[in-house]
Amino acid sequence: MVENKELIRVVEETVSRDDVKYVIGYKRGTYGFQIKPAFAYSAKDAKEFFYSPLCAKNLATYPLLEEKLPLRRGEEAEHKKIGIVVKGCDSRAIIQIIQEKGLEREDVVLIGIPCKGVIDPKKIAKRFPKQSKFVDVEENSNDEYVLEISGTSHKIPKDELLSDVCKSCEYPNPLLYDILIGEAEEEFQPEHFNRVDELEEKTIEERWEYWEKHFQNCIRCYACREACPLCYCKTCMADLLEPQWVRRSVNLSENTAWNVMRAFHLAGRCISCGECERACPVNIPLMELNKFVEKEVKEMFDYTAGLDTEEKPLLGSFRPDDPEDFIS
Amino acid sequence: MEQLTLPKEKLPELLGEIGSKFELIGPKEENGFLAFRKINDPKEVNLDILLSRVPPKSLIFQQTETLFTYTKGKDSKVQTPKIDESVRVIFGIRPCDARGYDIIDPVFMGKKEGDYIDPFYTKRRNRSILIGLSCNEPDTNCFCTSFDDSPANTKHVDILFTDIGDKYFVEVVTEKGEDLIKNLSKIFSKATEKEGNIRKETEKTAIEAISRKMNTEGTVEKLNKMFDHEFWIEAARSCIGCGICTYLCPTCHCFDMQDESTLKLGGRVRVWDSCMYEEYTHHASGHNPRPSRMNRVRNRVYHKFNYFPKNDGIFGCTGCGRCIDYCPVNIDIIEVIDKVKEVNV
Numbered sequence: 001m002v003e004n005k006e007l008i009r010v011v012e013e014t015v016s017r018d019d020v021k022y023v024i025g026y027k028r029g030t031y032g033f034q035i036k037p038a039f040a041y042s043a044k045d046a047k048e049f050f051y052s053p054l055c056a057k058n059l060a061t062y063p064l065l066e067e068k069l070p071l072r073r074g075e076e077a078e079h080k081k082i083g084i085v086v087k088g089c090d091s092r093a094i095i096q097i098i099q100e101k102g103l104e105r106e107d108v109v110l111i112g113i114p115c116k117g118v119i120d121p122k123k124i125a126k127r128f129p130k131q132s133k134f135v136d137v138e139e140n141s142n143d144e145y146v147l148e149i150s151g152t153s154h155k156i157p158k159d160e161l162l163s164d165v166c167k168s169c170e171y172p173n174p175l176l177y178d179i180l181i182g183e184a185e186e187e188f189q190p191e192h193f194n195r196v197d198e199l200e201e202k203t204i205e206e207r208w209e210y211w212e213k214h215f216q217n218c219i220r221c222y223a224c225r226e227a228c229p230l231c232y233c234k235t236c237m238a239d240l241l242e243p244q245w246v247r248r249s250v251n252l253s254e255n256t257a258w259n260v261m262r263a264f265h266l267a268g269r270c271i272s273c274g275e276c277e278r279a280c281p282v283n284i285p286l287m288e289l290n291k292f293v294e295k296e297v298k299e300m301f302d303y304t305a306g307l308d309t310e311e312k313p314l315l316g317s318f319r320p321d322d323p324e325d326f327i328s
Numbered sequence: 329m330e331q332l333t334l335p336k337e338k339l340p341e342l343l344g345e346i347g348s349k350f351e352l353i354g355p356k357e358e359n360g361f362l363a364f365r366k367i368n369d370p371k372e373v374n375l376d377i378l379l380s381r382v383p384p385k386s387l388i389f390q391q392t393e394t395l396f397t398y399t400k401g402k403d404s405k406v407q408t409p410k411i412d413e414s415v416r417v418i419f420g421i422r423p424c425d426a427r428g429y430d431i432i433d434p435v436f437m438g439k440k441e442g443d444y445i446d447p448f449y450t451k452r453r454n455r456s457i458l459i460g461l462s463c464n465e466p467d468t469n470c471f472c473t474s475f476d477d478s479p480a481n482t483k484h485v486d487i488l489f490t491d492i493g494d495k496y497f498v499e500v501v502t503e504k505g506e507d508l509i510k511n512l513s514k515i516f517s518k519a520t521e522k523e524g525n526i527r528k529e530t531e532k533t534a535i536e537a538i539s540r541k542m543n544t545e546g547t548v549e550k551l552n553k554m555f556d557h558e559f560w561i562e563a564a565r566s567c568i569g570c571g572i573c574t575y576l577c578p579t580c581h582c583f584d585m586q587d588e589s590t591l592k593l594g595g596r597v598r599v600w601d602s603c604m605y606e607e608y609t610h611h612a613s614g615h616n617p618r619p620s621r622m623n624r625v626r627n628r629v630y631h632k633f634n635y636f637p638k639n640d641g642i643f644g645c646t647g648c649g650r651c652i653d654y655c656p657v658n659i660d661i662i663e664v665i666d667k668v669k670e671v672n673v
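Quick note, the sequences are listed as chains A and B, same order.
Quick note on our numbering: the first sequence kicks off at 1 and runs consecutively.
Quick note on our numbering: the second sequence kicks off at 329 and runs consecutively.
Keep in mind that the hints are not guaranteed to be accurate.
Quick list of in silico lysine-lysine cross-link-like pairs, DSS-like style, CA-CA up to 30 Å [said to hold, decoys possible]:
#, chain 1, residue 1, chain 2, residue 2
1, B, K349, A, K213
2, A, K81, A, K133
3, B, K349, A, K133
4, A, K167, A, K312
5, A, K126, A, K44
6, A, K27, B, K541
7, B, K550, B, K522
8, A, K44, B, K336
9, B, K550, A, K133
10, A, K27, A, K122
11, A, K130, B, K349
12, B, K371, A, K202
13, A, K133, B, K532
14, B, K522, A, K126
15, B, K349, A, K155
16, B, K669, A, K130
17, B, K338, A, K5
18, B, K338, A, K81
19, B, K522, B, K532
20, A, K122, B, K550
21, B, K532, A, K44
22, A, K213, B, K371
23, A, K126, B, K336
24, B, K356, A, K123
25, A, K312, A, K295
26, A, K44, B, K371
27, A, K47, A, K101
With the C-beta cut set under 8 Å, the calculated list includes, among others, these residues of chain B facing chain A [unchecked claim]:
#, residue
28, F361
29, T399
30, K400
31, K402
32, P434
33, S478
34, C570
35, I572
36, E607
37, H611
Rough simulated footprint, nothing fancy, chain B against chain A, three-plus residues with beta-carbon under 8 Å [as the list claims (entries may be wrong)]:
#, segment
38, 36-47
39, 165-179
No wet-lab data here; the hints were simulated from the structure.
Note that this is a predicted model, so its numbers are computed, not measured.
For glycine and all other residues, C-beta sits at the position ideal for the given N, C-alpha and C.
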């Protein structure tokens with residue numbers, strides 16, 4: 001359990017450091033079970049920070065969104081750190097980015113939060129629709145989520161609202177942090193990502209039909225890409241015109257190309273935060289693609305993304321005994 | 329305006345008849361959300377979910393529009409696709425979404441003589457008969473009433489259905505609507521005064537159920553004065569530039585044009601685009617007049633709450649709430665406008 005008082009104290013302390021530009025965390029949203037990313041530029045801003053099982057959003061996206069405006073003559077770039085509140089998966093995103101040299105370790109101050117799993121916003125909004133005021137949720141020691149709506153208290157078994165990705169999470173505790181708030185959680189006994197297993201049992205035709213049903217709804221807003229902390233290429237292949245890898249026409253063929261290419265570009269890089277699936281406005285089960293690739297990578301190369309900043313990225317390393325039977 | 333009623337159990341019969349005579353489009357549940365699709369069987373229609381995820385603007389302003397196709401080589405030919413102009417009935421459209429069409433009509437159909445008229449949009453708009461459905465139970469982020477609209481507004485549809493218990497109260501608004509009704513068998517009854525009163529009560533209850541309000545008074549003038557205010561940096565800080573707010577908006581209408589070809593065949597397509605993308609304003613020279621998220625978020629707000637009112641005398645927002653519902657980082661347009669009010673200039 002993360003004490004909000006303690007969180008605020010740590011954020012205040014971090015943001016007051018001379019070498020820190022700002023700290024990113026969570027604050028309460030404008031309605032229902034919504035949370036908002038919060039940015040503290042001074043100790044005063046830290047007051048609105050909070051943490052609860054609703055804080056699903058992976059904030060590791062933000063340091064890479066920092067816009068570096070052109071410098072004026074004689075002006076020097078500011079080298080200040082960005083503080084970020086991270087859960088297990090969020091810290092893995094940062095590790096992976098550092099591994100790929102997208103960020104330097106010194107660029108960030110990580111405020112680690114041991115995570116017990118986060119609530120799926122779609123599941124809880126369906127369970128308690130039409131909440132025009134913010135409703136906070138707590139987790140009790142009986143594996144239940146507790147919330148209060150217009151004076152009535154509700155207890156919901158955790159399993160019913162927990163995000164699917166969290167059910168297969170092996171790393172609830174931040175793997176990289178500067179400050180840890182609270183006690184490390186016990187490691188989960190993760191279930192296999194059974195959505196992938198279920199799909200694998202189907203025939204090729206059934207699987208194609210399943211993906212066709214989802215991909216034809218894709219509106220190619222690329223929210224999956226923008227929400228993903230690991231999709232930070234300066235120019236995405238989907239935006240290239242010459243050569244044009246994916247056409248702009250929105251149809252099943254191009255939509256499939258986009259979604260499959262996205263999944264491949266995250267091979268050995270996706271850290272399973274589930275951000276793409278949460279952002280998708282047309283409910284495409286993107287984590288099934290990512291988890292499938294993750295499984296293949298694990299089986300073939302015994303590699304897991306985002307565990308160690310010193311490790312080489314999967315696609316940037318070679319071992320003489322790497323499997324090659326899929327080449328022929 | 330003719331006022332009729334239709335018993336609820338007769339709705340499948342009505343939709344069946346419309347479907348047998350014309351193309352019928354209606355709200356259908358797919359993969360857990362509502363989408364406007366061709367209806368082959370009246371049973372497919374879902375009237376329980378309030379709004380379709382993608383607004384029905386996509387039926388008229390299609391996400392992908394092939395403007396022309398061409399073949400290459402000596403005998404090359406350019407062909408313009410023929411647009412079906414036969415009557416198409418769009419059933420179950422909500423008043424706010426129908427109003428969305430009215431807001432973007434001037435963009436594609438011109439405002440005055442001599443303006444360019446887009447044949448694709450115009451032909452599809454003209455072939456469509458809108459049978460609206462009043463919202464008896466507005467959702468969390470509905471705020472249509474903030475724009476002098478109502479969840480049972482007849483103004484933007486050809487026919488409006490309102491659920492009044494065991495019947496639909498049917499208002500025939502336009503000539504197009506009258507023609508359609510004339511074409512159908514006589515399964516409607518004349519509405520009584522009592523039924524008219526229930527309809528009015530239903531609308532009143534629905535209006536009262538809308539809890540969110542946007543105070544738009546003075547917004548245009550205020551925005552005139554704060555283009556360069558640092559407020560925009562703060563407002564855009566959490567924006568990840570995903571574009572959901574624009575793609576799901578019933579009034580956003582930006583597009584890009586692309587030539588797409590294979591060895592033998594090619595075509596020019598018009599596809600939705602979004603001002604929330606960095607690439608949207610990226611010039612061939614490399615210069616980008618909207619280089620940061622602040623410029624882009626500001627543009628969305630200005631277009632809807634400043635440029636639209638100044639150009640067309642109407643806010644470019646219907647209050648459907650989709651951008652609030654689906655923003656992954658809870659950028660809430662009602663809150664943004666509230667904060668605009670508080671800014672000191």
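Right, here's what the structure says about each hint:
With a CA separation close to 28 Å, the supplied pair K349 of chain B and K213 of chain A stays within the 30 Å bound. At most 30 Å may separate the alpha-carbon atoms for a hinted pair to count; K81 of chain A and K133 of chain A exceed this at roughly 34 Å. Restraint check for K349 of chain B and K133 of chain A: the C-alpha separation of about 47 Å exceeds 30 Å, so the hint is violated. With a C-alpha separation of about 28 Å, the suggested pair K167 of chain A and K312 of chain A falls inside the 30 Å cut-off, and the hint holds.
Among the hinted pairs, K126 of chain A with K44 of chain A is inconsistent with the structure: their alpha-carbon atoms are about 35 Å apart, more than 30 Å. With a CA separation close to 22 Å, the supplied pair K27 of chain A and K541 of chain B stays within the 30 Å bound. Between K550 of chain B and K522 of chain B the CA atoms are separated by roughly 46 Å; this puts the pair beyond 30 Å, and the hint is violated. Only pairs whose Cα atoms come within 30 Å are accepted, and K44 of chain A paired with K336 of chain B is rejected, the gap being roughly 58 Å.
Among the hinted pairs, K550 of chain B with K133 of chain A is consistent with the structure: their alpha-carbon atoms are about 27 Å apart, no more than 30 Å. With a CA separation close to 19 Å, the supplied pair K27 of chain A and K122 of chain A stays within the 30 Å bound. At roughly 39 Å between alpha-carbon atoms, K130 of chain A and K349 of chain B are farther apart than 30 Å, so this suggested pair is violated. With a C-alpha separation of about 29 Å, the suggested pairing of K371 of chain B with K202 of chain A holds against the 30 Å cut-off.
A threshold of 30 Å between alpha carbons decides the hint, and for K133 of chain A with K532 of chain B the separation of about 23 Å falls inside it, so the pair holds. Taken as a hint, the K522 of chain B and K126 of chain A pair is broken in the structure, with Cα atoms around 36 Å apart against an allowance of 30 Å. For the hint linking K349 of chain B to K155 of chain A, the alpha-carbon distance of about 52 Å lies beyond 30 Å, and the restraint is violated. Simply put, K669 of chain B and K130 of chain A have alpha-carbon atoms about 27 Å apart, close enough for the 30 Å limit, and the pair holds.
Among the hinted pairs, K338 of chain B with K5 of chain A is inconsistent with the structure: their alpha-carbon atoms are about 60 Å apart, more than 30 Å. Note on K338 of chain B and K81 of chain A: the hinted pairing is violated, with a Cα-Cα distance of about 66 Å set against a maximum of 30 Å. Taking the CA atoms of K522 of chain B and K532 of chain B, the gap is near 15 Å; set against the 30 Å cutoff, the hint holds. For the proposed pair K122 of chain A and K550 of chain B, the alpha carbon gap of about 36 Å is over 30 Å, so the pair is violated.
A distance of roughly 44 Å separates the Cα atoms of K532 of chain B and K44 of chain A; the hinted pair therefore is violated under the 30 Å criterion. The hinted pair formed by K213 of chain A and K371 of chain B meets the criterion: a straight-line CA distance of about 20 Å does not exceed 30 Å. As the CA atoms of K126 of chain A and K336 of chain B are separated by approximately 27 Å, the hinted pair is consistent with the 30 Å bound. For the proposed pair K356 of chain B and K123 of chain A, the alpha carbon gap of about 21 Å is at most 30 Å, so the pair holds.
Proximity of K312 of chain A to K295 of chain A is assessed by CA-CA distance (about 19 Å); at most 30 Å being required, the pair is judged to hold. At most 30 Å may separate the alpha-carbon atoms for a hinted pair to count; K44 of chain A and K371 of chain B exceed this at roughly 57 Å. Restraint check for K47 of chain A and K101 of chain A: the C-alpha separation of about 33 Å exceeds 30 Å, so the hint is violated. A distance limit of 8 Å between C-beta atoms decides the matter here; for F361 of chain B the minimum to chain A is near 6 Å, and the interface restraint holds.
The beta carbon of T399 of chain B comes no nearer than 18 Å to any beta carbon in chain A, farther than 8 Å, and the hint placing it at the interface is violated. Given hint, K400 of chain B at the interface with chain A, is violated; its Cβ is 17 Å from that chain's nearest Cβ, farther than 8 Å. For K402 of chain B, the suggested interface contact is broken, since its CB lies about 26 Å from the closest CB of chain A, more than 8 Å. A least Cβ separation of about 25 Å between P434 of chain B and chain A goes past the 8 Å threshold, and the interface hint is therefore violated.
Here the hint on S478 of chain B is broken, as its CB sits about 19 Å from the closest CB of chain A, past 8 Å. The beta carbon of C570 of chain B comes within 4 Å of a beta carbon in chain A, closer than 8 Å, and the hint placing it at the interface holds. Checking I572 of chain B against chain A by beta carbon gives a least distance of about 5 Å; that is within 8 Å, so the hint holds. Because the smallest distance between the Cβ of E607 of chain B and any Cβ of chain A comes to about 5 Å, under 8 Å, the interface hint for this residue holds.
Of the supplied interface hints, the one on H611 of chain B is violated, with its beta-carbon coming no nearer than about 14 Å to a beta-carbon of chain A, more than 8 Å. With a cut-off of 8 Å between beta carbons, the segment 36-47 of chain A has 3 residues touching chain B; three or more are needed, and the interface restraint holds. Only when three residues or more bring their CB closer than 8 Å to a CB of chain B does the claim for the segment 165-179 of chain A stand; here the count is 0, and the claim is violated.
In the structure shown, a violation is registered for the earlier hints numbered 2, 3, 5, 7, 8, 11, 14, 15, 17, 18, 20, 21, 26, 27, 29, 30, 31, 32, 33, 37, 39, in ascending order.
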